[in-house]
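With chain A fixed as given, assemble chain B onto it according to the hints.
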Amino acid sequence: MNITVLLRMVPDVVEELEIAPDGRRLDDEMLRMILSESDDHALEQALLLKECLGGSVTAIAPEASEVNDALYTAVAKGADRAMKLTGLAAGGSTTVLARAFARVLSGGAGVVPADLILTGVQAHDDLDGLLAPLVAHHLGLPHVSIVTRVQVAADRKTAIVAREYPGGVHGEFEVPLPAVLGIQAAEKPPRYVPVAKVRAAMKSARIEELDQAAWEVPPAQIEVLRMDKPEVSSHAEMIEGTPDAMALRVCEILDARGLL
Amino acid sequence: MAIWIVAEQWRGKISPITYELLVLGRELADALGVPLEAVLAGSGVEDPGATLGKADSVLYFDHPLLAEPVPELQAKAIAMLAKIRHPQVIAVPLSNVSLGLGSLLGAELGSPVVNFCKDVRVREGRLEACCVLYGGKIEATVAPQGEPVVLGICPNARGADESHVRPTRRVERFSFPLEPSPVRFQRYVEPEAGDVDLTQQDVLVAVGRGIQQKENLKLAEGLAEVLGGAVCGSRPVVDQGWLPLSRQIGKSGVTVKPKLYIAAGISGAPEHTEGMRNAELIVAINTDSRAPIFDIAHYGIVGDVLDVLPALADEIRARRE
Chain A
1 MNITVLLRMV PDVVEELEIA PDGRRLDDEM LRMILSESDD HALEQALLLK ECLGGSVTAI
61 APEASEVNDA LYTAVAKGAD RAMKLTGLAA GGSTTVLARA FARVLSGGAG VVPADLILTG
121 VQAHDDLDGL LAPLVAHHLG LPHVSIVTRV QVAADRKTAI VAREYPGGVH GEFEVPLPAV
181 LGIQAAEKPP RYVPVAKVRA AMKSARIEEL DQAAWEVPPA QIEVLRMDKP EVSSHAEMIE
241 GTPDAMALRV CEILDARGLL
Chain B
1 MAIWIVAEQW RGKISPITYE LLVLGRELAD ALGVPLEAVL AGSGVEDPGA TLGKADSVLY
61 FDHPLLAEPV PELQAKAIAM LAKIRHPQVI AVPLSNVSLG LGSLLGAELG SPVVNFCKDV
121 RVREGRLEAC CVLYGGKIEA TVAPQGEPVV LGICPNARGA DESHVRPTRR VERFSFPLEP
181 SPVRFQRYVE PEAGDVDLTQ QDVLVAVGRG IQQKENLKLA EGLAEVLGGA VCGSRPVVDQ
241 GWLPLSRQIG KSGVTVKPKL YIAAGISGAP EHTEGMRNAE LIVAINTDSR APIFDIAHYG
301 IVGDVLDVLP ALADEIRARR E
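Residue numbers (my numbering), protein chains in the order written: chain A, 1 to 260; chain B, 1 to 321.
Any given hint might turn out to be false.
Calculated pairs, DSBU-like style, for lysine-lysine (alpha carbon to alpha carbon, straight line, at most 35 Å) [stated by the list, open to error]: (1) A/K50 <-> B/K214; (2) B/K218 <-> A/K197; (3) B/K83 <-> A/K188; (4) A/K229 <-> B/K118; (5) A/K188 <-> B/K259; (6) A/K188 <-> B/K257; (7) B/K218 <-> A/K84; (8) B/K214 <-> A/K197; (9) B/K257 <-> B/K214; (10) B/K218 <-> A/K188; (11) A/K50 <-> A/K84; (12) B/K118 <-> B/K214; (13) A/K203 <-> A/K84.
Since the hints were made in silico from the structure, they are not lab data.
The following block holds chain A by itself, in its conformation from the complex (with noise of 0.2 Å):
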């Protein structure tokens, strides 16, 4: 089973972001990347399969702040190679994204051909697009989204997948394989890998690089007029002080509206 893991780093969210002087896109300078969160489960499905079917887990990300972390960590929790999509601009959209991966994907550039590409269902940064019906489409490929389990058929030609929707509700799915899979999350937590492992990882891996500096980037077809912050606690009434005093401030309102 050779599965190929597409990942994007994504600005982390529980940092403070700022928008560049031109009012159109994030400041770079300030931003803390990492792993969007569920291409971190789509890594951790991969490899879940891979320790019960055998195989190899290739995975691929686009050239970012912090990728290389990402991908040798990647290699420490089990992935046998990582690759890097380099010369493509900085904060692409999705779309373009999309493309170039279906362009590696479809035989270029040296790629293990892959039964499964799992990706993360989504990225918060996700404008344009999502990334894997985009890439099953390019590809040709039958797709599943916003998907929690796995389970691939003895023969390996098919997969029975589940499909999350409203209210706790799953549907199931065959899919024929090689299939793309946009991962809500895998079966188990994504593992923990210690910061030992990872600099083992950095001495002993490689990262290969696929240049996408000669591939002609199709126009963006939006554009981002600007960003803002969004007015926020313009709702809530904000509550000061020790721990204490805000805990006898929130039973007076509790008290007052009947709920203690």
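Leaving out everything else, chain B in the frame of chain A:
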């Protein structure tokens, strides 16, 4: 020329988000002076116009294959109609049922896609979308270039109630050949019943990432106990395996409307707030003063849940003694 909204149908029923899209679509159609058309792709729907009368007409694509909830087939059917009718806008719900449909439609039609729209307006004859990015921390104002524009509309972009549900007789029916998808629907799996029915609780203490580790859940349990409520959580907590799926609030989980919702260490991503924004009283606790949860909370506390939850539980206990 027309504004289209995609009417979402799931398990034989038109989804509520469809009526929200109809309200938004009506505004856009009126601003641009073009008709509003609701597009429904389904199989054997008896009266496709029964509830979609806020649209000027309904375009119904009827095909047995569309009985299965496969977004690729929906996208192919709607793209076929779009190639004949040339709408200016195709608004698609960003829901778990329709996820992926907008991207596929954009790819089929070579059209621009604008995701995560919480608002769309017409300004000087042009569309401008306001999009929620980075988990609600940034709003981007976006101008699409080219037509038709595919807009992915977030839940609650507009309010909709029963007053928006009315019938229309103006239904155009279509049925073109469709190739079956290699993706085959098998069955629905109903959720396992949880130990508590969250929708019936008056008080919910909801925990998010800010709870940091599983051991700290007992702080939320302690507070829930003194308030006579139950503990629930946002997606990250459930994905970590700290709470069962039956306790998840939001897009993929349960939608609740308790008398009191304490959001502890929850940032307020749209996927979560979709399931709790109508709670009667929301008290949010978060270390980040700019967390979007404070936008929908009634009361906010900037602080660490690990300090505030026990302080609150102690205070309530002290009052009762």
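Quick rundown of the hints versus the structure:
Only pairs whose Cα atoms come within 35 Å are accepted, and A/K50 paired with B/K214 is accepted, the gap being roughly 28 Å. Straight-line distance between C-alpha atoms of B/K218 and A/K197 comes to about 33 Å, which keeps the hinted pair within the 35 Å bound. Straight-line distance between C-alpha atoms of B/K83 and A/K188 comes to about 43 Å, which puts the hinted pair past the 35 Å bound. The suggested pairing of A/K229 with B/K118 holds, with an alpha-carbon distance near 14 Å, which does not exceed 35 Å.
Under the criterion of a C-alpha separation no larger than 35 Å, the hint pairing A/K188 with B/K259 is consistent with the structure, at around 34 Å. Taking the CA atoms of A/K188 and B/K257, the gap is near 30 Å; set against the 35 Å cutoff, the hint holds. Restraint check for B/K218 and A/K84: not satisfied, since their Cα atoms lie roughly 43 Å apart, outside the 35 Å limit. Among the hinted pairs, B/K214 with A/K197 is consistent with the structure: their alpha-carbon atoms are about 25 Å apart, no more than 35 Å.
Restraint check for B/K257 and B/K214: the C-alpha separation of about 26 Å stays at or below 35 Å, so the hint holds. Note on B/K218 and A/K188: the hinted pairing holds, with a Cα-Cα distance of about 22 Å set against a maximum of 35 Å. A threshold of 35 Å between alpha carbons decides the hint, and for A/K50 with A/K84 the separation of about 21 Å falls inside it, so the pair holds. Restraint check for B/K118 and B/K214: the C-alpha separation of about 34 Å stays at or below 35 Å, so the hint holds.
With a CA separation close to 17 Å, the supplied pair A/K203 and A/K84 stays within the 35 Å bound.
Hint compliance for this structure: hints 3, 7 are broken, all remaining hints hold.
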